[in-house]
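Enquirer: Residue strings, one per chain:
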Amino acid sequence: MSAKVITVTSGKGGVGKTTVTANLAAALAMQGRKVVAMDADIGLRNLDVVMGLENRIVYDLVDVIEGRCRLRQAMIKDKRQPELYLIPAAQTRDKMAVSPSDMVLVCDQLREEMDYIVIDSPAGIERGFRNAIAPADQIIIVTNPEVSAVRDADRIIGLVEAEEKGPAKLLINRLKPSMVARGDMLSIEDVIDILAIDLIGVIPEDESILVASNQGLPVAMTSVNGSSASQAFRNVAQRIEGVDVPFMDLTQKDGFMERLRSWLAGES
Amino acid sequence: MSWFNKLFGEKEASGAVAKQRLQMVLIHDRSEVSPGLIEQIKDDIIRVIASRLAIDEEHVKIDLTQSGRESYLMAEIPLDTKARSRA
Ligand SMILES: Nc1ncnc2c1ncn2[C@@H]1O[C@H](COP(=O)(O)OP(=O)(O)OP(=O)(O)O)[C@@H](O)[C@H]1O
Ligand SMILES: [Mg+2]
Chain S
493 MSAKVITVTS
503 GKGGVGKTTV
513 TANLAAALAM
523 QGRKVVAMDA
533 DIGLRNLDVV
543 MGLENRIVYD
553 LVDVIEGRCR
563 LRQAMIKDKR
573 QPELYLIPAA
583 QTRDKMAVSP
593 SDMVLVCDQL
603 REEMDYIVID
613 SPAGIERGFR
623 NAIAPADQII
633 IVTNPEVSAV
643 RDADRIIGLV
653 EAEEKGPAKL
663 LINRLKPSMV
673 ARGDMLSIED
683 VIDILAIDLI
693 GVIPEDESIL
703 VASNQGLPVA
713 MTSVNGSSAS
723 QAFRNVAQRI
733 EGVDVPFMDL
743 TQKDGFMERL
753 RSWLAGES
Chain G
672 MSWFNKLFGE
682 KEASGAVAKQ
692 RLQMVLIHDR
702 SEVSPGLIEQ
712 IKDDIIRVIA
722 SRLAIDEEHV
732 KIDLTQSGRE
742 SYLMAEIPLD
752 TKARSRA
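Chains as they are written, first to last, in my numbering: chain S, 493 to 760; chain G, 672 to 758.
The hints are simulated quantities; they were obtained by calculation from the structure and are not laboratory data. Hints may contain errors.
Below, simulated PhoX-like cross-link-like pairs (lysine-lysine); rule was C-alpha separation at most 25 Å, straight line [said to hold, decoys possible]: (1) 496/S to 657/S; (2) 496/S to 526/S; (3) 753/G to 668/S; (4) 690/G to 504/S; (5) 668/S to 526/S; (6) 661/S to 690/G; (7) 690/G to 732/G; (8) 753/G to 713/G; (9) 668/S to 496/S.
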């Protein structure tokens with residue numbers, strides 16, 4: 493067995509990397525895979541709270557790298573899934589405590605036992621980003637359908653291309669179908685047109701994501717007929733496994749004016 | 672824009688504006704070519720070609736364009752045919 497290392501990154505901050513990492517790891521584990529979610533955002537750790545495992549941390553990634561504990565001791569088991577683990581980031585150190593080769597070494601130790609290692613990258617294009625992508629076999633770039641996030645995603649795509657890691661995949665997060673319908677948000681097609689890379693998923697704006705992270709429960713673990721974001725994350729996990737899942741229909745004609753408009757334009 | 676939008680005096684949808692602005696800014700981000708550099712290149716090209724051929728200098732166009740993620744420099748250099756027939 494040799495794990496696939498997937499790094500979730502973005503350039504711009506706050507677009508949903510940590511949310512995507514937690515949910516992707518959870519969804520892959522729900523499909524029966526052995527998964528480690530790793531927080532590479534040293535000094536600003538968050539994956540632990542999004543996954544609801546913050547109270548069980550004893551050791552972190554920097555403790556492993558600096559030899560204060562064995563790798564196994566820093567792996568927190570998520571009791572809700574048979575084979576889901578978290579390796580938390582250090583909170584009181586900074587990104588210089590880790591080097592790209594440290595990350596490669598830690599991942600190589602995990603590869604034998606695991607199916608997937610999903611790494612949460614910090615925002616930016618500096619050391620923390622370099623650390624996060626160093627061991628990656630597959631890079632997922634998260635963006636929002638919004639000018640500055642797409643611009644930053646483009647920069648990251650360029651940097652990843654230079655690393656020769658194979659083509660990165662795009663995940664569009666926080667799409668608002670009603671805004672796209674009235675022409676006030678970049679559509680999925682617009683973003684793909686601009687960035688010219690393959691799409692691996694689209695996650696709609698969904699309040700249940702906030703509700704779930706309030707409780708420390710990745711939304712992907714909530715009931716199957718729950719939110720559309722939950723389903724969208726499970727679809728991404730399936731695509732990672734090579735299943736050809738069709739993209740969810742996120743088009744929407746909302747409100748009276750919208751329906752009137754499309755009726756008058758002969759669209760319906 | 673549909674006649675319906677025009678009838679109700681709506682502005683161009685902001686999503687389309689966003690797309691157009693992004694496409695423009697990314698052309699320069701990707702190639703690291705500034706608009707000023709393009710102008711300099713244009714002057715150089717005019718100088719080199721005009722030393723051998725009569726060209727319509729006013730209508731020379733040098734543009735950065737994209738196809739997928741590749742950038743191209745496109746030059747459009749009209750010859751000055753009037754000058755040729757005069758000769
Ligand atoms: N699809 C979504 N719908 C609604 N809220 C979302 C969605 N995705 C993310 N959020 C919310 O957006 C906020 C930022 O998300 P998150 O922390 O995952 O971003 P990040 O990219 O990891 O940020 P940073 O760059 O700071 O690490 C969180 O409050 C999260 O709950
Ligand atoms: Mg984060």
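Enquirer: With reference to the structure, classify each hint as holding or not holding.
Expert: To see whether the hints hold, each was checked on the structure:
1. 496/S to 657/S: Cα-Cα ~13 Å, so holds.
2. 496/S to 526/S: Given that 25 Å is the threshold and the Cα spacing comes to 11 Å, the pair holds.
3. 753/G to 668/S: 57 Å, violated
4. 690/G to 504/S: 18 Å, holds
5. 668/S to 526/S: Violated: residue 668/S and residue 526/S sit about 33 Å apart, past 25 Å.
6. 661/S to 690/G: Holds, because 20 Å separates the two Cα atoms, which is no more than 25 Å.
7. 690/G to 732/G: 24 Å, holds
8. 753/G to 713/G: 22 Å, holds
9. 668/S to 496/S: With a Cα-Cα distance of about 31 Å, the restraint between residue 668/S and residue 496/S is violated, given a limit of 25 Å.
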